[in-house]
Amino acid sequence: MIELGGGQQPAAATDLVKDVSEDTFMQDVIEASNEVPIIVDFWAAWCGPCKTLGPMLEDAVKKAGGR
Numbered sequence: 000m001i002e003l004g005g006g007q008q009p010a011a012a013t014d015l016v017k018d019v020s021e022d023t024f025m026q027d028v029i030e031a032s033n034e035v036p037i038i039v040d041f042w043a044a045w046c047g048p049c050k051t052l053g054p055m056l057e058d059a060v061k062k063a064g065g066r
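Number 15 in numbering that gives the first Met the number 0 belongs to position 16 of the sequence shown; there are no gaps in the numbering.
What the hints contain is simulated information worked out from the structure, not anything from laboratory work. Even glycine gets a Cβ: it sits at the ideal position worked out from N, Cα and C. Among the hints, erroneous ones may be present.
Unchecked claim - Pairs of lysine-lysine residues, derived as DSS-like cross-links and limited to a Cα-Cα distance of at most 30 Å, are as follows:
(1) Lys61 <-> Lys50
(2) Lys17 <-> Lys50
(3) Lys62 <-> Lys17
(4) Lys50 <-> Lys62
(5) Lys17 <-> Lys61
What the hints assert, rightly or not - Computed Cβ-Cβ distance ranges for the label pairs, DEER-style:
(6) Val19 <-> Met55: 13 to 21 Å
(7) Val60 <-> Thr23: 13 to 21 Å
(8) Ser32 <-> Lys61: 17 to 25 Å
(9) Gly47 <-> Gln26: 13 to 21 Å
(10) Gly53 <-> Ser32: 26 to 34 Å
(11) Trp45 <-> Arg66: 15 to 23 Å
(12) Lys50 <-> Lys17: 27 to 35 Å
(13) Glu21 <-> Lys62: 15 to 23 Å
(14) Ala59 <-> Val28: 23 to 31 Å
(15) Ala44 <-> Arg66: 27 to 35 Å
(16) Lys61 <-> Phe41: 18 to 26 Å
(17) Asn33 <-> Val60: 28 to 36 Å
(18) Asp22 <-> Lys62: 15 to 23 Å
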């Protein structure tokens, strides 16, 4: 596995996963992607696979400490 940002401390778990809105998308996603890789999960409440994938992505990000 390739590890990026080896000298950085892992982010706090609460900082890793964000629910963003149209108003905050530019800052929370686009601008933040200049500093670190960003994963965006577009989902819908009625989407069965989204209900499975979302928690799996959150767990993976938290276990990896945002790296």
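The hints, checked one at a time:
| no. | hint | in the structure |
| --- | --- | --- |
| 1 | Lys61 <-> Lys50 | holds (17 Å) |
| 2 | Lys17 <-> Lys50 | holds (16 Å) |
| 3 | Lys62 <-> Lys17 | holds (16 Å) |
| 4 | Lys50 <-> Lys62 | holds (19 Å) |
| 5 | Lys17 <-> Lys61 | holds (12 Å) |
| 6 | Val19 <-> Met55: 13 to 21 Å | holds (19 Å) |
| 7 | Val60 <-> Thr23: 13 to 21 Å | holds (18 Å) |
| 8 | Ser32 <-> Lys61: 17 to 25 Å | holds (19 Å) |
| 9 | Gly47 <-> Gln26: 13 to 21 Å | violated (31 Å) |
| 10 | Gly53 <-> Ser32: 26 to 34 Å | violated (20 Å) |
| 11 | Trp45 <-> Arg66: 15 to 23 Å | violated (33 Å) |
| 12 | Lys50 <-> Lys17: 27 to 35 Å | violated (19 Å) |
| 13 | Glu21 <-> Lys62: 15 to 23 Å | violated (30 Å) |
| 14 | Ala59 <-> Val28: 23 to 31 Å | violated (18 Å) |
| 15 | Ala44 <-> Arg66: 27 to 35 Å | holds (30 Å) |
| 16 | Lys61 <-> Phe41: 18 to 26 Å | holds (20 Å) |
| 17 | Asn33 <-> Val60: 28 to 36 Å | violated (19 Å) |
| 18 | Asp22 <-> Lys62: 15 to 23 Å | violated (30 Å) |
Hint check: violations occur at hints 9, 10, 11, 12, 13, 14, 17, 18; the rest are consistent with the structure.
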